[in-house]
Amino acid sequence: MTTPTYSFAGRTVNRLGYGAMQLAGPGVFGPPKDRDEALAVLRAARDAGVNHIDTSDFYGPHITNQLIREALHPYPSDLLIVTKVGAVRGPNAEWQPAFSPQALAAAVTDNLKNLGVDVLDVVNLRVMFAVHGPAEGSIEAPLTALAELQQKGLIRHIGLSNVTPTQYAQGAAIVPIVGVQNQYNLAHRSDDGFIDQLAAEGVAYVPFFPLGGFSQLQSLALTQVATELGATPMQVALAWLLRRSPNILLIPGTSSTAHLAEN
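Each residue of the sequence shown is one higher than the one before, starting from 24 at the first, in the numbering used here.
Worth flagging that the hints you see were computed from the coordinates, not collected in a lab.
A virtual CB, placed ideally from N, CA and C, is assigned to each residue, including glycine.
Treat each hint with caution, since some may be false.
Said to hold, decoys possible - Taking CB as the label site, the calculated pair distances span:
| id | residue 1 | residue 2 | range |
| --- | --- | --- | --- |
| 1 | 35 | 171 | 24 to 34 Å |
| 2 | 156 | 262 | 22 to 32 Å |
| 3 | 247 | 113 | 33 to 43 Å |
| 4 | 129 | 33 | 22 to 32 Å |
| 5 | 189 | 57 | 22 to 32 Å |
| 6 | 222 | 93 | 17 to 27 Å |
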């Protein structure tokens, strides 16, 4: 079967990518339980045709980017690495927003160093105005700071994460936005109209948490459908997302080579 592709950040990428968040330790903090397995997962993903990897230097922190570099550097010319800035880990591993120009510049520098590159392919601004989900608020200042780093040649393309359509419009007026990364799945469909808008504009939509936010009843229904199809719930959820819109790019994550093959 031909793997579906999409033009993202000037590259043709397979729509089934890989999200590196789970490579870090519990709670996305500290080193992995099995470093060799984490490296094997990354190499297996590449061997399976993955050419879009999603990461961030605040995963660990620093851990996932260091693993990616160890496993895959020097990087194949077709590999697109997308990272995120806009957050840091506090002393108790809590997530904290980090939107100042100084914090964003430091995050870009850390990503460059730990990935071992001179320029970042895509940097998503992770917006954190609420504990859970997008919340309205101006992103002009942090996005302008990122655009200045782009003008300095440190970033090729800019995207957004955890944003509303209003924030996307504000961002697109400042700098071209190549992708939006939000929570979206069968049970969490508030972005339906947003996805269609982005598809019409040729902008990628990257959903995270493909099984997140399901009620017990919804989970049971999905499991029943998956059983009838001889598949896993994750396989059904990912297949539905691929069919939902051609601009949807998937980044399922795992720290297990067995689970990677299953997806």
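Going down the list of hints, with the structure as the test:
{"no.": "1", "hint": "35 / 171: 24 to 34 Å", "in the structure": "holds, 29 Å"}
{"no.": "2", "hint": "156 / 262: 22 to 32 Å", "in the structure": "holds, 25 Å"}
{"no.": "3", "hint": "247 / 113: 33 to 43 Å", "in the structure": "holds, 41 Å"}
{"no.": "4", "hint": "129 / 33: 22 to 32 Å", "in the structure": "holds, 27 Å"}
{"no.": "5", "hint": "189 / 57: 22 to 32 Å", "in the structure": "violated, 43 Å"}
{"no.": "6", "hint": "222 / 93: 17 to 27 Å", "in the structure": "violated, 36 Å"}
The structure fails to meet hints 5, 6 from the earlier list, while all remaining hints are met.
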